[in-house]
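Read top to bottom, the protein sequences are chains A and B. Counting in the working numbering, the first sequence runs without a single skipped number right up to 663 at its last residue. Counting in the working numbering, the second sequence runs without a single skipped number right up to 944 at its last residue.
One should not assume that every hint holds.
Lysine to aspartate or glutamate pairs mimicking DMTMM-like chemistry, simulated, CA-CA at most 20 Å apart [as the list claims (entries may be wrong)]:
id	chain 1	residue 1	chain 2	residue 2
1	A	K365	A	E439
2	A	K365	A	D399
3	A	K246	A	D230
4	A	K246	A	E191
5	A	K318	B	D740
6	A	K595	B	E848
7	A	K236	A	D207
8	A	K95	A	E123
9	B	K738	B	E702
10	A	K365	A	D410
11	A	K365	A	E440
12	A	K106	A	E151
13	A	K106	A	D129
14	B	K767	A	D302
15	A	K318	B	D756
16	B	K744	B	D719
17	A	K500	B	E900
18	A	K106	A	E94
19	A	K126	A	E94
20	A	K500	B	D719
21	B	K744	A	D129
22	A	K352	A	E191
23	A	K392	A	D373
24	B	K768	A	D302
Label pairs and their computed distance ranges (CB to CB) [claimed, not checked]:
id	chain 1	residue 1	chain 2	residue 2	range
25	A	R521	B	I907	20 to 30 Å
26	A	I418	B	S745	34 to 44 Å
27	A	K106	B	Q751	25 to 35 Å
28	A	R521	B	Y653	37 to 47 Å
Hints in this document: simulated from the structure, not taken from any laboratory. All C-beta atoms, glycine included, are put in the ideal place defined by N, C-alpha and C.
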Amino acid sequence: MLEYARWKYILVASVFILALFFALPNFFGEDAALQLARKDKANIDAPAQQAVEKFLTDQKVGYTKTYIDSGRLMIRFPNVVEQLKARDAVNDHFAAQYLTALSFAPRAPELLRRLGLRPMPLGLDLRGGLYLLYQVDINGAVNQLLEGYEQDIRRTLAQANLPFTDVVLVSIDSTRPNGLQVSLPANADAEAVRKALVKPLSDLKLEIVTLGSGPAVQATMTPVQMRQRQDYAIQQNLTTLRNRVNELGVSEPIVQRQGLDRINVQLPGVQNSAEVKDILGKVATLEFRLEDMQNNAVQAAARGRAPLGSKLYKMRDGRPVLLKRDIIVTGDELTDARTTATQEGPGVSLKLDARGGDQMLKTTRANLDRRMGVVFIERGHETTTVNGKKETREVTNEEVINLATIRGVFSNNFQITGLAAGEARDLALLLRSGQLAAPLDPIEERAVGPSLGQDNIEKGVRALIIGMLAVFVFMAFYYRVFGLVADGVLLSNVVLLTALLSIMRASLSLPGIAGIILTVGMAVDANVLIYERIREELRAGVSPQSAIRLGFEKAFSAIADSNITTLIAGLVLWVFGTGPIRGFAIVLTLGIATSMFTSLMGSRALITLMYGGRRKLTKLPI
Amino acid sequence: MATRKVWYGLSVVLMLASFASFATRGLNLGIDFTGGVSVEASFPTSANVDVIRTRLEGAGFVDPQVQNFGSSRDIAIRLPPSPAQNGAAIRAKLDQTLKSVDPGSQILRLDVVGPQVGNELKKSAIMALGFTLLLIFIYIAFRFNTWRLSLGAILAVLHDPILVLGIFSITQTSFDLAVVAAILAVIGYSLNDTVVVFDRIRERFHANRRLASALALDQSINQTLSRTIMTKVVTAIVVVALLFLGGAVLRGFSEALMIGIIAGTYSSIYISSAIALDCGLTSEHVFPTLKKAAADVLP
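Sequences are here, hints too, so could you generate the full structure?
In structure tokens form, the structure reads like this:
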């Protein structure tokens, strides 16, 4: 008699039923769909739905169904061709009203969807879409903070009547700027300067050094502070990117941190990267500065140098302008920006936070009828040819977009005018989406067309089915009835793996499908180990039932040790890998776990059930 | 085990050949590692690769590589990294150029990778490999009580990716991220075999601790041989399915797996245990307490 504990039977059966349930939505597949969202973010109502339906019918685009899902209109199509036709038609006709996004809608029955059971999300290589990897300029974020400190130093020393020569950003024991150096006249009291700076720079380490020209006070950030600032920059970028991505109206976008200073953005269904990158990648910052009215801007431009305490800028039309170094308010203090119509044409109406409002109030009160410039700073890349070699450098485009006389005292509510209609809209959008603490550069960009995605799915699934069938036939041929048991176990392994991936919402990519196929191949291994062992025992003259028991028992250590070593490789890949490697590693790792369960417990339960009760068993069909 | 010198020799020759090709030809690294632009496009009829290349050069693309991809109507274009590569601009220019060859052409996939990404990938791939080997060394040493088996496993396992890299270098097959994943999977699988043999060695020693090491190793390998071959045949079946049906995207991945599986089977049969033997493996290393206990019983 061969026995197997009842609880193990129950465990195996319940795990399998549960897995079947969770894996179920995947078997229904998904329809190509188009998602429409109103540009003003309002909900789409039934009349609008009918209008779109009528339009599609008029355009002879075949759709299966339309429905409203959380304020957005979903249209399902029988195939990708109709989907693309519909998108182009809708984009042409409803350009002003709707944002469109290619998407997929699960075909599973309503009941399953209500239960929250969804198929595995498909990776971009399978459904088409745009992948962007951004590099966050964390040095830029640190510099920004240091420049803020620089202002504090200038202001404090000026108020305390302590003379100083200059304040500059320096790198102290570091490859990147991490501190400030206040150089003093040769006879200055460095200790007094240090004491005066203790309060405003309480976070920084202050020390007195001697330079060639005289004493200086150095203020450095600690490594912890640097890291905090960098993390903050990434976090703020993440939030900003999420907001901007939401403005794009894409369905199921992913925005996540990758590594130390990267952010990846995945936009399913999006094809046109130009528009997306314009909105996501552009870094626009505003700085409000007072005009330097004591000096002549034209002369400064001719000399190519700005007087002390001022900075030389250009207006849009190329005229030079001198603005004070002190920044009144930056984009950081901006809480809202929207387009507005003014007498002078389109403009942007701005709102500041409390601190920004205070600063603005103080400045405007003291400087009525003087002029204030708005500097629009945009970062990008420029390529130049030097000695026949192309070289890229980062360029910061600084431009005074507006120089207006302060007509009244205002604090946190005011307007910028003097913009063209399109500019006003773009500027408002960029500013409203939030400020980037550190500028972003796209360093990787991958776009997959929807038809290629469809093609990849078909190829992957075909390879999976044919590979599995071949294995099934081979196993049944080689191990006969036991082979069929192994086939059942393999199938349940795929179901279990699918269920796990669906529960984890891990997106399935082409390497992921390859991982499933390999898991099938590898899951066979455990069965082979057990069966070969059973055969060995039978050859040694052991009775069939004991052979089964011994086979499972003796194969256990080999299965466990060999799978754990593979598991180690899989886990390391999971941790270190990104993109396709990670997708593959997840499937591989989970596949090893499920195959150990199904072949050790599942197949034993099945075989014990089949042969355990037979008293007169003399031969095994193995 | 008696013939192991022959197999060592073969492995050394193969590895030297791999290194030689590696040193002279290098790897045909994909844009994942070098940075640059990779494009897949389809044409309504057979695409003329030479015409497309000439047109691309005419449009100002520097050194474009054009080849058929999967079928005669699909092409893959690769451009070296340029300092100011901008996906949108490249797409527009490329689309225009391809449309001038055939208005029905379509860009299916466009990847733009900055050069800095590649360098980090190289680093993290090597880190991943090192970590994997270290953890596995520790695990095997822990489970089997001896570093000799760990060393055998690690050396045998290193042998496989070197051969895969060598063949990729000789055939100049494009080496991308998916191939790295395949190589790490190969390491896992090759280890799998090795460990099954080790498990049997442990069992042989357990059954008879006076068994001569060489004999124990031979017995273990022979007894697990049918399993090793059976498993490999089945894995090969699915890999063949991937190779022929998985499409061009998975081709490199499947090829690496195929080579790796063959090399892995060979190395776990002929190399891993032999190295442990040459490190002086005996039953005492696997079961140190048994010997002590046995010595106590002796008069």
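A quick look at each hint next to the structure:
no.	hint	in the structure
1	A:K365 <-> A:E439	14 Å, holds
2	A:K365 <-> A:D399	19 Å, holds
3	A:K246 <-> A:D230	19 Å, holds
4	A:K246 <-> A:E191	14 Å, holds
5	A:K318 <-> B:D740	18 Å, holds
6	A:K595 <-> B:E848	9 Å, holds
7	A:K236 <-> A:D207	18 Å, holds
8	A:K95 <-> A:E123	15 Å, holds
9	B:K738 <-> B:E702	12 Å, holds
10	A:K365 <-> A:D410	16 Å, holds
11	A:K365 <-> A:E440	14 Å, holds
12	A:K106 <-> A:E151	14 Å, holds
13	A:K106 <-> A:D129	18 Å, holds
14	B:K767 <-> A:D302	17 Å, holds
15	A:K318 <-> B:D756	14 Å, holds
16	B:K744 <-> B:D719	14 Å, holds
17	A:K500 <-> B:E900	16 Å, holds
18	A:K106 <-> A:E94	9 Å, holds
19	A:K126 <-> A:E94	14 Å, holds
20	A:K500 <-> B:D719	15 Å, holds
21	B:K744 <-> A:D129	19 Å, holds
22	A:K352 <-> A:E191	15 Å, holds
23	A:K392 <-> A:D373	11 Å, holds
24	B:K768 <-> A:D302	16 Å, holds
25	A:R521 <-> B:I907: 20 to 30 Å	28 Å, holds
26	A:I418 <-> B:S745: 34 to 44 Å	39 Å, holds
27	A:K106 <-> B:Q751: 25 to 35 Å	28 Å, holds
28	A:R521 <-> B:Y653: 37 to 47 Å	40 Å, holds
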